Amino acid sequence: MLPLFALAIVSAAGLAYEILLMRLFSIIQWHHFAYMILSLALLGFGASGTALSLAGRRAERHYAAGFAVNAALFGIASIACFALALRLPFNAEELLWDPAQPLLLCAVYALLALPFFFVANAVGLTLMAARERVGGAYAADLVGAGLGSLGIVLLLFAVFPHMALRMVAALGGIAAALACIELRWRPRTGTLAGLAVAAAAFLLPDAWLEPRPSPYKALSQALEVSGTRIVDERSSPLGMLTVIANERIPLRHAPGLSLNAPAEPPPQLGVFTDGDAMTAITRAGDAEPVFLGYLSSALPYHLARPGRVLVLGAAGGMDVLQALTLGAAEIHAVELNPQLIDLVRGPFADFAGHLYSRERVRVHTGEARGFIAASADRFDLIQLSALDSYAASSAGLYALNESYLYTVQAFEAYLDRLAPGGYLSVTRWIKLPPRDTLKLLATAVEALRARGDAEPGHRLVLIRGWQTSTLLVKNGFFGERELDALRDFCRTRSFDVAWYPGMTAAEANRYNILDRPYFYSAALALLGGGAERFYDEYKFNLRPATDDRPYFSNFFKWTALPEIVALRGQGGRALLEGGYLVLVATLAQALLASLVLIVLPLALAPGLGRTAGGGGARSRTLAYFGALGLAFLFLEIVFIQKLILVLHEPVYAAAVVLSAFLVFAGLGSAWTYRRRAAGGEQRRVARAALGIAVFCAADLLALEAGAEALGALPLVPRIAIAVAAIAPLAFLMGQPFPLGLAQLAREAPGRIPWAWAINGSASVISAVLATLLAIHFGLAAVAVLAVGLYALAALAFPGAGHRPFG
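Heads up: the sequence shown runs through residues 1 to 806, numbered per the numbering used here.
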């Protein structure tokens, strides 16, 4: 008898814990460090397979006790290990200069791997005990994991992450209690012990579990200022929002403010997302906020008088207030996080002068590309302002963050929504040496050329201050009156002109002086015939991002690494683009650890693989389960990214794709159990691989052609279409793994835990490798590689025969 309900619960808890750790460590550190820690922690799955291989038959003989104990240990370890990890003085920003930090990082790895080790033990023991019923066991595992991925996202809308952690830990105790009942192993004492573990998760003090942001994050630094206090805090899967106030030393947040501004900003409240990426809620008073006309983002209002304005990424409302102050007749404000809108409309509505309730303002909750796709309106001005943290952006911490706001296709979509003579205005932080602004300019040039414009330079204007740059793209040519207004705007505010039609070299680099006119020189190269040579020779990657490679903030080039390392002691840290290198280091560590976990059982487990084909059988087992582990996550990641353009909100895309893939893969696995007649497994795997290729190609082609049309539909139909597209593909993807295990159960049952270790280790490598491949070759290439891996699995099936297509 198999404890299928307990197995589903423990699998749900394991995947929920995985997603929850990502959320928690995004608050504590940054996105890419969370990615690194989580990826290597998941090697607990590989370690489990190794341990079960070494334990051999002994583990299988004590299956009931082993399952219940491991489920309970997950409940204890998931909360205890996180609490201990918080106590360690690890700080990712100090890795380069503090020799103690790598050791502390290893300790964090070990602590976070332990809960996954216990979950994987419970699943792996069940797969060993199931033998030819493995399809049903694997189905329960996948369906539980799918429900867990969806459940944790929904739960994070209702509770703070540290409370969600308690609930996930409690699931471990509940799974242990249920297993004791299902397996009839000490049902009374075991059930009570499991329920005690579940109850204990709610007894720890909050202070032990609340995530504390890194001291290098903006929130931590703001709280060091005398008089700063937290006045509101709320959380969702989109981020933890923290609102601060300081009456003693007022906050002053005005990105791109001219040094010639005659007035400072009025009092403001700071709003931080995950302890960083601050936006401000500005107090509306009787006096007009003059400073708003002295930001670089005010440029379009001085060239014309835009009537209908679209603000993408409204955040705390500064761009909306700017549009109101500078004369816009109608403002549409789009913001992804509804809790941020609620802050401005709710507890701080009086402070903000009821900004989001004014007659000229219409607020929309949603993602920018989604709003553009669903809207048929035309605007005189579409405005995107700096949406991320200056410090984190300058340090390259957003290198791995995908963004569909700054791709060539996104710019084409924005330009399609401009009225005749309208402007697209994009403001970004300036990095030195220049890269962000130059890549933005390159993206605009490429988008204009893709629309058939042979002279894009006549439609572009670029200015810069000491902190930000603003790029204007016009639906039409700039006229002389606009250029006169541009020169006057820059002269009175000491902003530098980097490009406008007819500009001369003498006009560049006048106020915020650099050693060379980098921005003007880059504009000449990008707009002339030397763009390819410029891309090749520049020390940072400036090639425009696309929807297939949506990594706008990845500027890293390997050719520049020796120089950057040489400058490390002279302030070269900001040049390092650390996010990308962290990903590479993670892959190297994952490969090393996986190699150990895969080779160790072969060296130490007596008799492993010495039957049914010897070394050849071992090679086929390694190739088969390794290929499946890589391919499954490759396709998950590709479809999460592709469906962001349909579902618009990344959190919805992740939840829908993960749950749909896992649930329907579980159903596919269950189907193999229902049709479990011995023999023919290799041909069934080959047919599944062929079907995966067909459905994957069809889905991706349909998404490529119909993303914009689908994006205009309401949310529920979009989700239904996404699930319907994934279902047949995932159903087939769920079949090869249990078919391979069923074959091993007949020919070499001792190799099952080793196969589990191979699959788990490959899955960890897959998550990191897929991102690297997408950065360099695109998401389509990752999908093609995944299909090829399924074909390889069909050829390497670990059976005695070799007739996949016979």
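Source of the hints: derived by calculation from the structure; they are not laboratory data.
Any given hint could turn out to be false.
Said to hold, decoys possible - Ranges between beta-carbon positions, derived for each pair: (1) ASP342 <-> GLU288: 18 to 28 Å; (2) LEU103 <-> VAL596: 15 to 25 Å; (3) GLY227 <-> PHE777: 44 to 54 Å; (4) ALA110 <-> GLY285: 33 to 43 Å; (5) VAL694 <-> PRO433: 26 to 36 Å; (6) ASP350 <-> ALA698: 48 to 58 Å; (7) PRO267 <-> ALA702: 34 to 44 Å; (8) ALA107 <-> ARG58: 25 to 35 Å; (9) GLY285 <-> GLY227: 12 to 22 Å; (10) ASN512 <-> ARG481: 36 to 46 Å; (11) ARG131 <-> PHE5: 43 to 53 Å; (12) PRO433 <-> LEU203: 51 to 61 Å; (13) ARG746 <-> ALA712: 32 to 42 Å.
Source: prediction; values computed, not measured.
Here a beta-carbon is modelled for each residue, glycine too, at the ideal position from N, C-alpha and C.
Evaluation of the provided hints:
no.	hint	verdict
1	ASP342 <-> GLU288: 18 to 28 Å	holds (27 Å)
2	LEU103 <-> VAL596: 15 to 25 Å	holds (19 Å)
3	GLY227 <-> PHE777: 44 to 54 Å	holds (51 Å)
4	ALA110 <-> GLY285: 33 to 43 Å	violated (55 Å)
5	VAL694 <-> PRO433: 26 to 36 Å	violated (47 Å)
6	ASP350 <-> ALA698: 48 to 58 Å	holds (54 Å)
7	PRO267 <-> ALA702: 34 to 44 Å	violated (51 Å)
8	ALA107 <-> ARG58: 25 to 35 Å	holds (30 Å)
9	GLY285 <-> GLY227: 12 to 22 Å	holds (21 Å)
10	ASN512 <-> ARG481: 36 to 46 Å	violated (26 Å)
11	ARG131 <-> PHE5: 43 to 53 Å	violated (20 Å)
12	PRO433 <-> LEU203: 51 to 61 Å	holds (53 Å)
13	ARG746 <-> ALA712: 32 to 42 Å	violated (52 Å)
Figure legend: structure checked against the earlier numbered hints; hints not met, in rising order: 4, 5, 7, 10, 11 and 13.
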